[in-house]
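The chain contents come next:
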Amino acid sequence: MISTALTDLWYGFGVALEPHNVMWCFIGVFVGNMVGVLPGMGPLATISILLPLTFGIKPVGAILMLAGVFYGSQYGGAICSILLNLPCHPPHAVTCLDGFPLTKKGRGGAALGITVISSFVGASWGITEMIFLSPILVVVALKFGPAEICSLMLLGLLAGSTLARGSPLKGVAMTVCGLLIGIVGSDIETGTPRFTFGIPNLFDGVEIVALALGLFGIAEFMKSVNQLSEVDTKYTNVKLKDLRPTREEFRRALPAMFRGTLIGSLCALIPGTGPTIASFVSYATEKKISKTPELFGTGMIEGVACPEASTHSSVQGDFIPTMSLGIPGDAVMALILGALMIQGIVPGPQLISEHPDIFWGLIASFWIGNIILVVLNVPMIGLWVKLLTIPYKYLYPSAMFFVCIGVYSTNNDMFQVGEVVIIGIVGYILLLLDFHPAPVLLGFVLGPRFEENFRRAMLISRGDILVFIKHPISAVFIFMCVLLIVMQIYVRLRPPKVLATNIVLATDRKASEAAE
Amino acid sequence: MILRADHVAGAAFVIFGAAIIALSRDLPVGQLSMPGSGFLPMIVATLTIIFGLMLILRARESGPFAELGWGDGKHAMMVTGITAVAIALYEHLGFTITMLLMMVTLLIVIERRNPIRAGIYCIAIVLFTYVSFVYGLKTPLPEYSF
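As given, the protein sequences belong to chains A and B, one line each in that order. So for the first sequence, my numbering puts the first residue at 1; every next one is plus one. So for the second sequence, my numbering puts the first residue at 1; every next one is plus one.
So that you can see chain A by itself, here it is in the shape it has in the complex (with noise of 0.2 Å):
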């Protein structure tokens, strides 16, 4: 087994290391390392607006491309959070509490050299974990039938909405929503219209590319039109010397990587946690074991290495359940799933053996990426920090009209950018609401595929409702999903911890005083 996956992994080096795909890579974390910079911008808003443009490019790059942006956007959203107190994404909420108070000290370039290296061993964590892991899961998928997959489906759905942010009532109320906009188009057994209004535009379904430009290009930039102000960056005069860490920060920071990484791995294996969740469990691990928690806040360096080492770690094993089993943890894997789908792309199980080179050329570029991200970020930090002095009032203008090009540039469609404007609203008044849309996207892209295997697996079993339990795969599947709903209600019902909920206050305290 070990043999076969290195021997693999071999040839997906000689994949991704093709020159073109090099620069796929290199161009995806650069985006992403840049927009992770820039305060109001994140993975899924530049993902949305790279998606259109991946039509016109192979598969093997498109898809390291937009994985490039997702990890890479990891990196800048440190920096933002440890030089400006600003959690542009919500994983680096966490990394500010001492990120920020160490530059106050004159550390800040100190915590952004400890950055790096975490976020380097946590990737490279997690990058090994899907090389060994995934193999694994794609030989028992295989042996999935259409209850299986259902049951696996339904865990996905109910995991990516309800462990998601915000209330979970409302992550699964939004999955909902998401399953209603994937019914639109013609049905895929009868070829019966459904919800298309006699609109030819509709027969074949709501683009994903207009659903996720509507709920992450125009919505999120609609809620922050007003609310971003210019930053300050007083704090920001980092140069190349100053990444450097001392021996003893490195000798407090070594070991909080490694439980951080290990946290990290753990939370990417539960569908729906993401990288959020991990930084914040394996921050107040890192409190809990610390001789001084009471420092922590104050400009601890393991504050600064757990939640970036456990950010990564998870950020790499989110793709895990995504390319092996083609089910994605969140909105970001399903945005990646469906630039699979744009290219023709069916992801699941089969994916491995019949495209070898996405997937292995996908894992060895992770590698390449990171050593990218690693080298563009010790040199270029000046321009970094540079960029985070650009004004907001010029970033959402622009953006604005990348969503307006990319969105008409798919199928020359005027009637799919009108859809975008239509969702853009439609998801501003539900940002404003408080529904995250993110889960909406989940439930689009699992949707039909619930469908088509839920319908199926009523056709074999001739309509026996209980065959999702009589199945043992699939009766653990829906064991799991009554054990998340039993959690929600508990956790729900019990009084708070005391640690969660000081970090979470002091999270928002941050997030509000950078805000002021």
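Calculated directly from the structure, the hints in this document are not laboratory data. No residue lacks a Cβ here, since even glycine has one placed at the ideal position from N, Cα and C. Mixed in with the good hints there might be a few duds.
[As the list claims (entries may be wrong)] List of simulated lysine to aspartate or glutamate pairs, EDC-like, C-alpha gap at most 20 Å:
#1 A/Lys393 - B/Asp72
#2 A/Lys223 - B/Glu91
#3 A/Lys143 - A/Glu452
#4 A/Lys105 - A/Glu249
#5 A/Lys223 - B/Asp72
#6 B/Lys74 - B/Glu111
#7 A/Lys104 - A/Glu249
#8 B/Lys74 - A/Asp434
#9 A/Lys223 - A/Asp434
#10 A/Lys393 - B/Glu67
#11 A/Lys104 - A/Asp204
#12 A/Lys58 - A/Asp357
#13 A/Lys105 - A/Glu248
#14 A/Lys143 - A/Glu354
#15 A/Lys104 - A/Glu294
#16 A/Lys58 - A/Glu18
#17 A/Lys105 - A/Glu294
#18 A/Lys223 - B/Glu67
[Said to hold, decoys possible] Covered stretches of chain B (in silico footprint by chain A; criterion: 3 or more residues with CB under 8 Å from a CB of chain A, positions within the stretch not fixed):
#19 2-15
#20 20-28
#21 43-51
#22 93-103
#23 107-116
Once you've looked at the hints, dock chain B against the given chain A.
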């Protein structure tokens, strides 16, 4: 009783679910042994109504509807309105003119940025994108068509 955000959201979900059920009357639901094309819409619409009702029941956890941050709404709608007008003109005026006008309006008229700096920025972005799409990605962009 204070009207809360989740009252409105929940009611919207209930109405939406009911509308889906009404619209899917023509779709065959089928039987459990052979679900038709109306089977899943019916289940999902029912779930939408249930979640809407749950939101209404738990609405006290949300803030008052009147206190929602609608202050940004006017600004956001102006931005979207300008984008929508640009989209409508896109096929007639072509890429360069429409996008330049859109960016200039957003930056100079709406955001009141320095006109010279904003103008240079807009021209640079439009040119860069034009070159990237037309020459780099070989994707044709619409030209002026009057």
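Tell me, which hint numbers fail for this structure? Per hint list: 2, 10 and 11 violated.
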